[in-house]
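Fit chain E to the given chain C structure using the hints.
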Amino acid sequence: DGGITQSPKYLFRKEGQNVTLSCEQNLNHDAMYWYRQDPGQGLRLIYYSQIVNDFQKGDIAEGYSVSREKKESFPLTVTSAQKNPTAFYLCASRNQPLGGYTFGSGTRLTVV
Amino acid sequence: DQQVKQNSPSLSVQEGRISILNCDYTNSMFDYFLWYKKYPAEGPTFLISISSIKDKNEDGRFTVFLNKSAKHLSLHIVPSQPGDSAVYFCAASEDNDMRFGAGTRLTVKP
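Residue numbers (the working numbering), protein chains in the order written: chain C, 2 to 113; chain E, 84 to 193.
This is chain E alone, in the form it adopts within the complex:
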């Protein structure tokens, strides 16, 4: 039962362009959403989050959008940089239960 889905296993963009990573969820009780970034052989690091009472949260080059009616979450990175190349996990939380998507591998080409 995959409650959080990232349907694109990989994404490749040119440096300077926008990267858009998508995430869908099925549980309407999720009230907090997060994006994590992960490099190989390391633990994920927190990137940005959004509460269900908001529809947008911005932090520098990173913006997370939440569409509750569509149960859809997206992460925008602009401008993309080669150092952004990593696996990005979407996560959704309800109380003490956090579910992760399978991840999207982002490659930013110079």
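Just chain C, same shape as in the assembly:
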């Protein structure tokens, strides 16, 4: 079955460490997205990529980095520069131009 796989489901990070969240899709979608969800807030866009080897910052890109070396993969690195990284992270993909988004099951990151 086609879909998006995010791993791990739960992740704990010590302050000052970088961590990388994985996102893989086998839907052959062109565009991929990373969102962050905090309690009482909507999904906020961190980064997105419309094609391989290209990506753009979203609304809250500071402290995050991404890469898009393959169409299927869009990993997100939460760096030590992100001051408040504890959140639920969602990866999504969609077919251009007006396809609906398909979301992964999310990764809950907790800084300890």
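I should point out that these hints are in silico values taken from the structure, not numbers from a laboratory.
Derived DSSO-like pairs (lysine-lysine); straight-line CA-CA distance at most 27 Å:
1) C/LYS58 - C/LYS10
2) E/LYS88 - E/LYS137
3) E/LYS88 - E/LYS120
4) E/LYS139 - E/LYS154
5) C/LYS58 - E/LYS88
6) C/LYS58 - C/LYS15
7) C/LYS84 - C/LYS58
8) E/LYS120 - C/LYS10
9) E/LYS120 - C/LYS58
Frame of chain C; chain E shown alone:
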């Protein structure tokens, strides 16, 4: 700058009754609107959408209404079922830019 707003953080309805979830937006350039349903610790799943050229779209128990002049979107669920209990996100899209509301937690009581 919140371009999509869901002003009701929660809604509780009785099983069998109608649930109405509301959403307001500020950007008149949005041309595609969607509703997503989300269970705890899971990613949102697509529920229903509507293009800006329409004012209503129906899919089974779910109907989305769009009032462009008021920049208002609503989702009607009838009849509501306990399994509908979840957080519902409204989303609005323009080209590659999609904005989400903060979500409304719907509780359907048996």
